[in-house]
Amino acid sequence: MFARRRHLVKSLLLVTIACGQPDESPPVEEAIVPLEGRWDVTFPDTWGGDCQLGEAGTRMGGVDTWEIELETYGFRFYEPDGRPVDCTLTDSDFACSLGTDYVGWSNYGMDATERITRTLDGTFDDDSSFTGRWDVAVECEGADCSSVGTQYGDAFTYPCTAEMGLTGVWVQG
Numbered sequence: 031m032f033a034r035r036r037h038l039v040k041s042l043l044l045v046t047i048a049c050g051q052p053d054e055s056p057p058v059e060e061a062i063v064p065l066e067g068r069w070d071v072t073f074p075d076t077w078g079g080d081c082q083l084g085e086a087g088t089r090m091g092g093v094d095t096w097e098i099e100l101e102t103y104g105f106r107f108y109e110p111d112g113r114p115v116d117c118t119l120t121d122s123d124f125a126c127s128l129g130t131d132y133v134g135w136s137n138y139g140m141d142a143t144e145r146i147t148r149t150l151d152g153t154f155d156d157d158s159s160f161t162g163r164w165d166v167a168v169e170c171e172g173a174d175c176s177s178v179g180t181q182y183g184d185a186f187t188y189p190c191t192a193e194m195g196l197t198g199v200w201v202q203g
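The sequence shown begins at 31 in my numbering and counts up one residue at a time.
Simulated from the structure, these hints should not be mistaken for laboratory data.
Virtual Cβ for every residue (Gly too), placed ideally from N, Cα, C.
Keep in mind that a hint or two might mislead.
[As the list claims (entries may be wrong)] Computed spacing ranges between beta-carbons, pair by pair:
| hint | residue 1 | residue 2 | range |
| --- | --- | --- | --- |
| 1 | 115 | 137 | 24 to 30 Å |
| 2 | 120 | 193 | 17 to 23 Å |
| 3 | 138 | 93 | 30 to 36 Å |
| 4 | 110 | 156 | 23 to 29 Å |
Go ahead and model the full structure; you've got the sequences and the hints to work with.
As structure tokens, then:
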């Protein structure tokens, strides 16, 4: 009988150790996969930051249409000029490099070249909507950069940055 009790105690001890404490780790966030197809992306009327891009005639306000295609790394959409933009997707967050553009001013008699780097990142709220942020960094090289800065209305100095929030909603597949 004593051996049977010892066996029962060992069994209970093993069950207690095996079961342990309840798992208190946070639930794993499900990855959000955006829907493929047409998305309407709304831009506000103003930019933030010190570049004063609103006065430079850049896109402000309104809605763009993006065709989103799913890829193994995330997704791709096309800018209004047709350039593809590849975006990585981690859980519900995305990051896109929109590339770097160079704007030379030699045709206007100025020794200046602007380097404009654009990025976009955001979070999918669900598979059919997101909020994001468009960031722009502008640098200038050349003797006439201060003169180029005055071409945009109020003068600004280089380097400068601008940012703009945006939202997207899926329209159709």
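Verification of the hints:
Under the hint 24 to 30 Å, the C-beta atoms of residue 115 and residue 137, about 28 Å apart, fit the expected range. Checked against the hint of 17 to 23 Å, the pair residue 120 and residue 193 passes, with Cβ atoms roughly 21 Å apart. Taken as a hint, the range 30 to 36 Å holds for the pair residue 138 and residue 93, whose Cβ atoms sit roughly 33 Å apart. Taking 23 to 29 Å as the suggested C-beta distance range, the pair residue 110 and residue 156 conforms, at roughly 25 Å.
The structure fails none of the hints (numbered hints given earlier).
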